[in-house]
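*Asks:* Sequence:
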Amino acid sequence: MKTLIISPTYNERKNVGELIRRLHSIDSNYHILIVDDNSPDGTGDYIETLKKEQPNLNLLRRPGKAGLGKAYCAGFQWALKHDYDAIIQMDADMSHDPDDVPKLIHGLRDADLVIGSRYVQGVSVVNWPIRRLMLSYGANLYSRIVTGLPIRDATGGFKCWRREVLAALDLSKIKSQGYSFQIEMTFRAWRKGFRVKEVSIIFIDRTVGESKMSKLIMLEAILMVWRLRLWRFFGWNK
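The sequence shown maps to residues 230 to 467 in the numbering used here.
By construction, these hints were calculated from the structure, which means they are not laboratory data.
The C-beta atom is built at its ideal place from N, Cα and C for all residues, glycine as well.
Misleading hints may appear alongside valid ones.
Result set (DSS-like, lysine-lysine): computed pairs, CA atoms no more than 25 Å apart in a straight line [stated by the list, open to error]: (1) LYS426 x LYS404; (2) LYS280 x LYS243; (3) LYS402 x LYS421; (4) LYS294 x LYS404; (5) LYS310 x LYS404; (6) LYS332 x LYS231; (7) LYS404 x LYS421; (8) LYS310 x LYS294; (9) LYS310 x LYS281; (10) LYS310 x LYS299; (11) LYS444 x LYS404; (12) LYS402 x LYS444; (13) LYS402 x LYS299; (14) LYS421 x LYS310; (15) LYS310 x LYS280; (16) LYS294 x LYS402.
Here are the in silico distance ranges between beta carbons for each label pair [claimed, not checked]: (17) ALA397 x VAL375: 18 to 26 Å; (18) HIS253 x PHE462: 43 to 51 Å; (19) GLU277 x ARG361: 31 to 39 Å; (20) LYS280 x GLY422: 33 to 41 Å; (21) ARG420 x LEU309: 18 to 26 Å; (22) PRO379 x TRP455: 13 to 21 Å; (23) LEU309 x ILE255: 22 to 30 Å; (24) MET230 x LYS294: 29 to 37 Å; (25) ARG424 x GLN306: 20 to 28 Å; (26) SER254 x PHE462: 46 to 54 Å.
Required output: the full structure, derived from the provided sequences and hints.
*Replies:* Below is the structure:
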């Protein structure tokens, strides 16, 4: 199965090299696409240097920071254009363990979208303060109740997609810019009848760099779940 791993970056130079090294140590046949939003710390230039020695490493440069959703959609379109069978999305900050990648790919045996879940078997999060953990867990419960999406970790960003799912979704209609993108994409796949499965992972909070979470991103997510609820019950999406 031809596999591509997509990881968006913005100021992740201190993390992304280790991510790439770990992925290639697991399977040198993995192809990797870094989608960089013109990081001021030189992440894009650093990837260009690594590419000279790693033929399976690719870089998609964007002119500026335009949101997680747009970065992933650009990466997904690139994956479809280059005929990948399995497309994995994961964070560049090492919070998603590269050792879990084979588990997600294996999950495609009986699913179309596999989500690396922090909450499918209790709580599997390391190094988060209790306030942030409660906020994340509550946000997922809220999303599940409002939208009806039968997923315990709808906001999780570690996923493996069959290309058929991404090809069936109109990526130009994706509304979310920030982390609500994770909810919206999973919801759209579920509503189209694709098989969605969760597998347990352990999420380890970043040790280098800063989180991109903000109040504006949280507000977008709160509003997005109600948009999805309306779409579900009235059959439209605006």
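*Asks:* So, for every hint listed, does it hold in this structure?
*Replies:* Each hint tested on the structure:
1. LYS426 x LYS404: Answer holds: LYS426 to LYS404 is near 24 Å, not above 25 Å.
2. LYS280 x LYS243: Since the Cα atoms of LYS280 and LYS243 sit roughly 16 Å apart, the hinted pair holds (cutoff 25 Å).
3. LYS402 x LYS421: holds, 14 Å
4. LYS294 x LYS404: holds, 16 Å
5. LYS310 x LYS404: holds, 22 Å
6. LYS332 x LYS231: Holds, at about 16 Å.
7. LYS404 x LYS421: holds, 17 Å
8. LYS310 x LYS294: Cα-Cα ~23 Å, so holds.
9. LYS310 x LYS281: Within the cut-off at roughly 23 Å; holds.
10. LYS310 x LYS299: Holds, at about 16 Å.
11. LYS444 x LYS404: It holds: about 18 Å lies between the C-alpha atoms, which stays within 25 Å.
12. LYS402 x LYS444: Holds, at roughly 24 Å.
13. LYS402 x LYS299: holds, 11 Å
14. LYS421 x LYS310: holds, 22 Å
15. LYS310 x LYS280: Distance ~20 Å between LYS310 and LYS280 Cα, so the pair holds.
16. LYS294 x LYS402: Given pair LYS294, LYS402 holds - Cα atoms ~19 Å apart, limit 25 Å.
17. ALA397 x VAL375: 18 to 26 Å: holds, 24 Å
18. HIS253 x PHE462: 43 to 51 Å: holds, 46 Å
19. GLU277 x ARG361: 31 to 39 Å: holds, 34 Å
20. LYS280 x GLY422: 33 to 41 Å: holds, 39 Å
21. ARG420 x LEU309: 18 to 26 Å: Given a distance of about 20 Å, which is inside 18 to 26 Å, the answer is holds.
22. PRO379 x TRP455: 13 to 21 Å: holds, 18 Å
23. LEU309 x ILE255: 22 to 30 Å: holds, 24 Å
24. MET230 x LYS294: 29 to 37 Å: holds, 32 Å
25. ARG424 x GLN306: 20 to 28 Å: Holds, since ARG424 and GLN306 (Cβ atoms, about 23 Å apart) stay within the stated range.
26. SER254 x PHE462: 46 to 54 Å: holds, 47 Å
Violated hints for the displayed structure: none, as all numbered hints are satisfied.
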